[in-house]
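We have chain L; now place chain U onto it with these hints.
Heads up: the protein sequence lines correspond to chains L and U, in order.
Quick note: the first sequence uses the working numbering, first residue 8, plus one each step.
Quick note: the second sequence uses the working numbering, first residue 8, plus one each step.
If chains are identical, the list can't say which one is meant, so a pair holds when it fits in one copy or spans any two.
Using 27 Å as the maximum straight-line C-alpha spacing, the simulated DSS-like pairs for lysine-lysine come out as follows:
no.	residue 1	residue 2
1	K258	K303
2	K207	K642
3	K626	K615
4	K435	K87
5	K87	K207
Hints in this document: simulated from the structure, not taken from any laboratory.
Listed below, chain by chain, are the residues.
2 protein chains.
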Amino acid sequence: MTDCFMLGSSAALAISLAASAVADQVDVTLSTIAGKNEGPARRWTLADQLTVPRLAAVAIAADGHSAAYVTRVVDSAINKTLSRLTLVDLQSGASRELLRVPWIDQLRRIPNSLAWSALIDLGEGVQLYRIEADGQISPIIVHPATARFGEVEGRLLPGYAHAPLSIGVRAYSWSPDGRWLFYITLDAASDERQILIDEKVSEQRGLRRRLGQATATLYLRAPNGKATLIARRPRSDVLSIASKGDVVWTKDEVRYPVMEIDPGGGERRVTMAWSFGKGRARKVASTRDYVYWQMKGPRGGQLASDGLGDTREIVEVAEDGRRHSYGRFPFSIGHGAAFGGGRSPDGHRTIVSLRALDDPRFGIGLVTNNGVRAIWGDGSLTKCDFTPSLNRGACLAESQTAPPSLALIDAVSGRVRRIASVSPAHDKIVPLKVTPRSWTNRYGHKVTGYIIWPRDYAKGRRYPAIVVNHGNDADQRFALQDNQWEYPVQTLAERGYVVLLINEASSRLNADLRAADQAWGLQGPTLPPERMRELLWLTGIASFEDAVSELAAEGIVDPARVGIAGYSRGSQLVNVAMTQSHFFRAASSGDGGFLEPAMAADMPDHYKAIFGGLPYDPKALPNYLALSPSLRAGKSCGAILQQVAAPHVASIDFYRALRRAGVPTQISLFPGESAASDETHVFHIPSNRMAAMQENIAWFDYWLLGKRDPASPFADRYAHWDEMRAARPARCR
Amino acid sequence: MTDCFMLGSSAALAISLAASAVADQVDVTLSTIAGKNEGPARRWTLADQLTVPRLAAVAIAADGHSAAYVTRVVDSAINKTLSRLTLVDLQSGASRELLRVPWIDQLRRIPNSLAWSALIDLGEGVQLYRIEADGQISPIIVHPATARFGEVEGRLLPGYAHAPLSIGVRAYSWSPDGRWLFYITLDAASDERQILIDEKVSEQRGLRRRLGQATATLYLRAPNGKATLIARRPRSDVLSIASKGDVVWTKDEVRYPVMEIDPGGGERRVTMAWSFGKGRARKVASTRDYVYWQMKGPRGGQLASDGLGDTREIVEVAEDGRRHSYGRFPFSIGHGAAFGGGRSPDGHRTIVSLRALDDPRFGIGLVTNNGVRAIWGDGSLTKCDFTPSLNRGACLAESQTAPPSLALIDAVSGRVRRIASVSPAHDKIVPLKVTPRSWTNRYGHKVTGYIIWPRDYAKGRRYPAIVVNHGNDADQRFALQDNQWEYPVQTLAERGYVVLLINEASSRLNADLRAADQAWGLQGPTLPPERMRELLWLTGIASFEDAVSELAAEGIVDPARVGIAGYSRGSQLVNVAMTQSHFFRAASSGDGGFLEPAMAADMPDHYKAIFGGLPYDPKALPNYLALSPSLRAGKSCGAILQQVAAPHVASIDFYRALRRAGVPTQISLFPGESAASDETHVFHIPSNRMAAMQENIAWFDYWLLGKRDPASPFADRYAHWDEMRAARPARCR
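Chain L extracted, bound-state conformation (with noise of 0.2 Å):
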């Protein structure tokens, strides 16, 4: 079984441009894989879309003889999303459930000792504990669980994708022997009964949810036990305050970051230093920049990827601003999907996180004096975590065919072996055909993605087909609900239609796409919006109508049954193409809304940069009647569905304005745990994530081939839909 990752559809990864040549390459049966997997072979259903684990953590022992992970699963029964917690034997692949909770973060190997330690919550919100090889549980730190987090009344920081979590413990970190303790905890602080003023007042416009107020309380446990507050900061200091433990030992020191803000709003970085000798802190080092990831090489200076195009140049800038390149490679590294890294004791090797620029999946590179060395699994390598030597790693894989898996690493030899499932049910699907493929559109740009083809795809006949698009996080990595959401891609291929995942144009790839990216992150010159305009939307809608122009093309897609879905970012693209051109005749939008001019007042200097100023400034409202959806809703035909996990004054408007045109549409939200939270923007609540996946199947089977089933639970919806399109304006027939 152990080598079962390295076989299976591995065949099909390979990265093509030529896809027509593609689609016979792959050639798996269900007989063939049933085999391997020794029970009965299956296809996918909306229950196994569902059950995907969501890989969090994984964390290795120092002996590098066994390994613990995380992942988050659904429990149907109980309409929960749970975290698990896993050990697996490294030689023998024997995997064991430790842990099955509400929640389980940080999970981390104790120095010098077998056991490991996680933030978890068992019932009293989140709190530090220690768990045994054996499974036995105690807790290290447990304070007052009274700061939230997620969706809900009072929250410090929205969730992501959990249910509300109370916070006792928010982060800690082991010295590297073992011996120091350095921890964050948490007190909200509750402000119902007073009278808020100005800012507090103001932060507060349009919030669904009231934010609350909390301190954060840094602490450095010694070895004798006795813990030293060392530091208690604002709720305005978001470094402190969502924490994940990223501080940096040295033999007399912790370093750890806060953030500090300037009368005049700005936003500083500052690193500390806790002596430890000394018993205070001092100031270390302070910058406005933004701080994406940072990771020292062998040479004593921060990695990095630079430069623009199909390769990325590797480099090491010293302190004193000197470059050391490591020449040119076709992956970018340090990429925050995947893990952060490591440095060895002395210094000489530094492993990163590397993301293949075509085809894009996740890898590990050795840093040393001499050069980068890739690793590569079957797919992608998604979390990782090493013995501190470096030699040894455990890392979760995955692949869009493969389930997840734990797999062991060699650093010295590059050797990567699968060594346990992660899902033995998933491993029982036939894989689909997964095709990597990228396109060049009108615009000159280049996108990357995947073709998932119907299960029983025939040649010469054409495909109804649906584009699925959220940044650029199409890759190896299985069935991701960070991608493709609530639409269920795989499910989808079984009933036939042609799917396309397709990223975007990575604003890496030229000077053009990335100026407008730095303009609308604030990070550099402003642009034209008419120039804003192309570059950061509609060269993107015409990626995906050039992707499926040429499929068209190739007779693979019939361009009359073509649907477009997204999320978040992806909502914002989906908005874009369906008031831009008629190209999509139905479309599901998820939980979005930017763009809407509603939104301009919550982030008036991104919208400004956009469409050169707010929305009643007389010179930039051309700007907006050119680009936001809600104001181009008569220029639209295709059905849109909005899925929202909150009620969006922007998605509102935006229906609201569809309805006016006569166009169809709909607009469903989807409950929170009770009346005081909500659904995350990333849904967490098996009902919803099931419904959702219900109501997209039966929206573009009904728009896109006008099929109808009576047993879907919305089928009644029908009548309405029926209705809807009998409406449609005269331009849309």
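This is chain U only, laid out in the frame that chain L set:
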């Protein structure tokens, strides 16, 4: 004591258009009043402002020997506004408090008994109880209280100056013989865990609190005690959901109104009649008209006030449209702020409420075939109830200077006799001098109002002044919260301010104003936006400025130290005043934001009527730039305080725009009972009311007089105000 009401400051209430003569007219000194009130004479304090009772209801026994009344009173010790039920012997004037509980509403006598009934919250939600004359209380109808009213999650209707209420019984009515009982119960339907679609999402746009769902059930209890369900009504039937039990009993039927919604969304008010004999309902009438007040006259037609100008024609319109005129009078009939009226069993006499047009006060009109006879107390007869014969009535009486009392009305002789004080504590305050006055502004529009003089006004000295406005609520009522909100008018006068309570020009005064009013209300043809601006806002500002200028010309007011305050409708005028001219140096704007473009999407038809389009319509945008306060912040100079009951988007937009323009401003948000509820538009939480008044005093004292009070709870703001003052833009110095 019974004659006190007739004396005192009543001389000051005479209508006078020559204010220069009025200033010396009244000579009430502390000593003369003190003697009359048999207690130590004293001046107004903020505690007095807070404890002015709100007059809710009165009911007279059928024999005319006693009356019960309900007031809402502040209990500072527990920081709540409570309802108080008081029984008064109409012979002796002896008063007895029967109940003091969270809520009492719909107080009525039970026909053919000596007992009363009311909707009361005794801790089980609002239910229907019977109250004996000795104060004994027993349930009549108790229904599980699941529906919520007030500024709270899941509310059916917003609250008016009350804490969130749970409602079991919503409304009731006794048949005239007391044998039948009509009542409505509410049942909330939770939609917390449902997926909401389309309009149920759209209606939540920008809502601070989630709307609840409920059904209303209408019952009729027969003399044998058996209750029959006569209708179950949906949430959209606001006539049932918000019913006050306004049904009409005939011998064979009970007639009740329901609201039907057309498929197109139009509302239709339908009168249903339930036959006792047949045990079923039939439709009696249906209208799309907005029905404000309905009362039949002695000829069987509908009574109404008609016409424009300084008098009103009182008419009775028969069902066939024939119109009988009772002549022209200097008052209108059927004013909602007073009482509904009544009709004698033989139909020969109708009692209506009157409102005088100049020096607006409330009285009683007896309408017979012979004409209309007016009965005036000395001030206003605000709430009244009559015996079935209509011969005797009990009224709650008050004026600008006379604290509330209970008065007995002899409808035959027209005599009004003060029976008992409603608030002895306020009787001890030496009344301030208050003179009614009217002004005609630069547009030729006439407005009424009152001057409240500084306690120790000395002729020849110029005083700072504050204009307080809220629609047409400046009338002969006592320190009315609905008019003066948390602007402590009387205390400001004690502190040396001339306070002007100024009404708006009534839309009944001329055809232009009326046309604008109707266009705004979507009841008449549209007017050009510049006319709407002038007739609905600019003329109001002109009234205030011209009134102050008159007093300045008379040497009374210092025009360099003039402020303005108003909530709700008043906040519109405050915000417009401050952004159209530099007349007012300081302002306090209460819980408003209408006219801001951010609210346009929530009431698009009204905004279109005002501005000629929505704000993103390039043709309409200039009209927003000409009127919307936040778009005119750069024209403003005076210091603007906004006090709000919730973090309204529109108020925050105005705050931010002023801040950006460098105009001194502050926004203060007053909290609700908990994170799950808000303060109401008219405040009900005593600590908020006290703080808001203190803040207004601190604000005006600072910005108009340059005064600081180290003891003010807002003293910690002075340093910030100093900064804002110093940072004012050059154009404002």
